[in-house]
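A.B. asks: Full structure from sequences and hints, please.
Protein chains in written order, with the working numbering: chain A, 1 to 292; chain B, 1 to 675.
Any given hint might turn out to be false.
To give an idea of the chain B side of the interface with chain A (calculated C-beta under 8 Å), a few residues [claimed, not checked]:
#  : residue
1  : I73
2  : N75
3  : Q100
4  : G408
5  : L409
6  : A426
7  : V429
8  : R432
9  : M442
10 : F444
11 : N446
12 : E449
13 : S450
14 : R454
15 : L467
16 : L471
Examples of chain B residues lying across from chain A (beta carbon under 8 Å, computed) [what the hints assert, rightly or not]:
#  : residue
17 : Q94
18 : A407
19 : P434
20 : L437
21 : N452
22 : P464
Taking CB as the label site, the calculated pair distances span [to be verified]:
#  : chain 1 : residue 1 : chain 2 : residue 2 : range
23 : A       : G229      : B       : G473      : 10 to 20 Å
24 : A       : A128      : B       : T646      : 50 to 60 Å
25 : B       : T186      : A       : L35       : 48 to 58 Å
26 : A       : R114      : B       : P453      : 16 to 26 Å
27 : B       : D350      : A       : R114      : 25 to 35 Å
28 : B       : M23       : A       : R247      : 51 to 61 Å
29 : B       : K62       : A       : T143      : 54 to 64 Å
30 : B       : P453      : A       : P24       : 20 to 30 Å
31 : A       : A128      : B       : G129      : 43 to 53 Å
32 : A       : P24       : B       : G64       : 55 to 65 Å
33 : A       : P154      : B       : R152      : 22 to 32 Å
34 : A       : G229      : B       : P411      : 57 to 67 Å
No lab work stands behind these hints, which were simulated from the structure alone. Glycine included, every Cβ here is placed at the ideal spot set by N, Cα and C.
Residue-level listing of the chains:
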Amino acid sequence: MTAPAAPVRRTRALTTLRDMAARPSGAIGLTLITLHLIIALISPWIAPFDYKEMNSAVILGNPGAGHLLGTDHLGRDVFTRVLLGGREALLVTGIATPIAMLWGGMLGVLLGLRGGWIDEVLMRLVDAFLALPGILPLLVLITVFGSGNEVLTPTLAFFFGIPVIRVARAAAHEVVARDFISAARARGHSPLSIVRREILPNVTDTLLVEGAMRWSWMLLGFSALSFLGFGVAPPTPDWGLMVSDARVYMSLAPWGVLGPMIALSSLIIGINLTADALAKALGLDQGRKAVI
Amino acid sequence: MTTQPLIDIRGLCVGFRGRSGSMLPVLHGIDLQVCRGESIGIVGESGSGKSTLALAAMGYLKHGLQRISGEVIYNGADMFTRTAAELARIRGGQLGLIPQNSGQALTPTLRIGRQLDEALRLHCALPAGAHTARAIDLLTQVRLPDPAAILRRYPHELSGGQQQRVAIAMALAGEPDALLLDEPTTGLDVTTQAHILELLRDLARTRNMAMVYVSHDLGVIARVCDRVQVLYAGETVLEGPTRAVLKTPAHPYARGLLASIPRLGESTLPRALEGRPPSPGSDRTGCAFAPRCALATDHCRAIHPPMVQGGTGQESRCLYPEQIAQMDMSGSGAPLSCCPRNSPLALALDTIAIRYDRPGSFARFMPARPGPPATVDDITLTIPQGETLGLVGESGSGKSTILKTIAGLLPPAQGRITLGDGTALAPRVDKRPPDQLRRIQMVFQNPDESLNPRHSVADILAQPLSLYFGLAGPELRRRATEALETVRLGAHYLDRRPGQLSGGEKQRVAIARAFAAAPEIVLCDEITSALDVSVQAAVLELLNDLKARHKTTFVFVSHDLTVVHALSDRVAVLYQGRLCEIGPSATVYAAPSHPYTEVLLNAVLEPDPDHAPHLLTADVAELSPPACGCPFQRRCPVKLGQRCDTDTPPWQKGADGHAIRCHIPLSELNKTGRG
Chain A
1 MTAPAAPVRR
11 TRALTTLRDM
21 AARPSGAIGL
31 TLITLHLIIA
41 LISPWIAPFD
51 YKEMNSAVIL
61 GNPGAGHLLG
71 TDHLGRDVFT
81 RVLLGGREAL
91 LVTGIATPIA
101 MLWGGMLGVL
111 LGLRGGWIDE
121 VLMRLVDAFL
131 ALPGILPLLV
141 LITVFGSGNE
151 VLTPTLAFFF
161 GIPVIRVARA
171 AAHEVVARDF
181 ISAARARGHS
191 PLSIVRREIL
201 PNVTDTLLVE
211 GAMRWSWMLL
221 GFSALSFLGF
231 GVAPPTPDWG
241 LMVSDARVYM
251 SLAPWGVLGP
261 MIALSSLIIG
271 INLTADALAK
281 ALGLDQGRKA
291 VI
Chain B
1 MTTQPLIDIR
11 GLCVGFRGRS
21 GSMLPVLHGI
31 DLQVCRGESI
41 GIVGESGSGK
51 STLALAAMGY
61 LKHGLQRISG
71 EVIYNGADMF
81 TRTAAELARI
91 RGGQLGLIPQ
101 NSGQALTPTL
111 RIGRQLDEAL
121 RLHCALPAGA
131 HTARAIDLLT
141 QVRLPDPAAI
151 LRRYPHELSG
161 GQQQRVAIAM
171 ALAGEPDALL
181 LDEPTTGLDV
191 TTQAHILELL
201 RDLARTRNMA
211 MVYVSHDLGV
221 IARVCDRVQV
231 LYAGETVLEG
241 PTRAVLKTPA
251 HPYARGLLAS
261 IPRLGESTLP
271 RALEGRPPSP
281 GSDRTGCAFA
291 PRCALATDHC
301 RAIHPPMVQG
311 GTGQESRCLY
321 PEQIAQMDMS
331 GSGAPLSCCP
341 RNSPLALALD
351 TIAIRYDRPG
361 SFARFMPARP
371 GPPATVDDIT
381 LTIPQGETLG
391 LVGESGSGKS
401 TILKTIAGLL
411 PPAQGRITLG
421 DGTALAPRVD
431 KRPPDQLRRI
441 QMVFQNPDES
451 LNPRHSVADI
461 LAQPLSLYFG
471 LAGPELRRRA
481 TEALETVRLG
491 AHYLDRRPGQ
501 LSGGEKQRVA
511 IARAFAAAPE
521 IVLCDEITSA
531 LDVSVQAAVL
541 ELLNDLKARH
551 KTTFVFVSHD
561 LTVVHALSDR
571 VAVLYQGRLC
581 EIGPSATVYA
591 APSHPYTEVL
601 LNAVLEPDPD
611 HAPHLLTADV
621 AELSPPACGC
631 PFQRRCPVKL
641 GQRCDTDTPP
651 WQKGADGHAI
661 RCHIPLSELN
671 KTGRG
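C.D. replies: And the structure:
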């Protein structure tokens, strides 16, 4: 008897993506994210001006043919800076989100499987941390170690991984109670192999959706840090920093605030819609259809 | 009794819209008439549409289902055209529904009293002050002990049987004209089931209610229903008086279903009904049952048989009703493979005790208090190689707990387990060497839970193969294919996922996974209880075959005494985690000696209209074992007195390894006999 050839995987990822694109929320969300990613990649080449170039002739200039979104208080082109302003945020959060999901997810699943006093102690620590306003510990760490992407990335990855522990632990708890875990334990598989082969495949869906949500939160967090002056250092353009700079002149030149705000919110909305469509496509959200 | 039917379903077709956009029918042209005082049984395999029919009788369809045609007339008007307010008044009031799992139908955060009061407030004309008295009255009617105390309890504080009784009481609160019962006793113990069925019979008679009883179990139908409708693939294939349907079924499907039920009186395995029903939306030109029917001809495959009036008052959808009586439906013919005598020991349990309540980290610093009695206590068993030992008992008797302890998932509080060669098994699974682990494999109750839904069948079978034999690549795949063949599944199953398999196929994969390890001992935990009877017969046959070929030792746990009887060489009866009786299957079933075994066997239902269970009127299930004395002291019908309450009964040995634990001398117990 010849055994049939091994199957080709990946079909699930493809069908999920197709299912997402078929939903209005998924279609809008995926389009917005793709658009932002493309702009972030090619903006240095398509930006009409140099982001550093100051023009004292058109300080707080109105939008027009030359400057699509006008100019800021230093006479720099706002449109150029909006195009470039997401690069830092996307780079940092794009690296930090997977790291946060990885460490938070792994630790959560292990705690969910093992239980016992380690679980008790660590979860109380997580609770204690979640009781603090999110931005506070971030600020403390940054004041100690200084800002800059090499500090921001691990810091964000660490702090945004903590709530993931809770989600992953809950998801793992649901799986651990099922008989196939008992079956694997009775066969004598090691805990690590049980996590890898039995639990992870059943929690990845939940973690994927959670990861998308964490990404949008982290983007907001990063922008908030920049807004407060702890994130991106000027003159590098960043949405948070731009809002912070332009808000003083809001009555004179509202586009300086509006431009970066629309850019940031469209990305956040895009991610949230995608997460929603992902949850529905994976069958995690059993509720009725969302508004869109 | 009026001649006008109370529930009148005519030509009901229900379907759902498939992925292709076309309508896929689940029910086809169902006719069902139920008069007051009449009870109708609806029988069929899972997926036959019987639950959909019961819900449709209330004018309710599950999300996604639509009525295509037909009408459901209740009390003169179509349920599907009534207003929401009318429906709200009828449902739960005049028309009661008792679902399968009442534990889930009761709100966990409200006391029973509150929930009953709500039903009374909505559907009963009594003044509010009389509600408590009425609630107590209802609970008394469903024969719950101490109804006033039950009112103050939360649902989780009641046993499954008690929850089911509360659900019946709630359905009775609105003084219903008709009751719809959707497998209300499935999953309950034999004794509890028998008691609830007697209760329903009495209630239907005294209150002149109409009943629609949905079940896959013909034994249950035989006990409560006047008429039976057999559904197959969403269509009525047989309709007639219960007695005639059970004695001389006029449809091959009903005949096959009846033959697949294991019975106490027979020593051979029941005949399995091979194949599976067609899925909704498949081709419906010929007879739907033709692919599984021994009588099928080309004629059957070409035309759709109409309902034809038969001789015994039955209407059947079969072209050859006269040939059915000649069908060979004797047992599978496979002789029960028997364990060779004097074979060496495979497994020994020595005075095992298991406790679930362990002192917590806080309680360790508290002064020691005597804890509750152990969940499982004093279990000593020796199992020779190649034997199938059946463990029977009601839920909570510790059957599954003992299996988990043997598997190393639950360390015993006391006692030791040794393998045949004398090596002691470590109490915890992670302390056992790989070879010991390989030798003991376990098959779980529900394959939906025991197979990882994300794995393909190949992945599932690869786990023991790569763990114990270090296989990989093409060799691993070849051995996985072999493992599938041992459970009679083809290699094309390898790339499917559990979600794409039927219940029976899933359980076969679970069995294949256990046998892939080439085990010496296989622990089976209620492995057929989640399956249809027809599928169950096939799985039993498979186990019997594996036992003969591999000389495997089985420990087979089940609450179904007929299933244990069909498969076991020896049977051990457990009550509240303590052994009551152990002995060769034939001896124990032919002449049960222990009073508890007798109670259990007397409650077994058979698909025979002349069979009636013998029940003890005051028999109530218990939730915890007594602190001392005989565990069965509180329910024993032949209790001697003080001695039973204080002294643990001694083992009395009979012939052929038969032993019971009772204060009454064995010779005296044997004299009373069964019944």
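A.B. asks: Checked against the structure, which of the hints given earlier come out wrong?
C.D. replies: 1, 2, 3, 6, 16, 17, 23, 32 and 33
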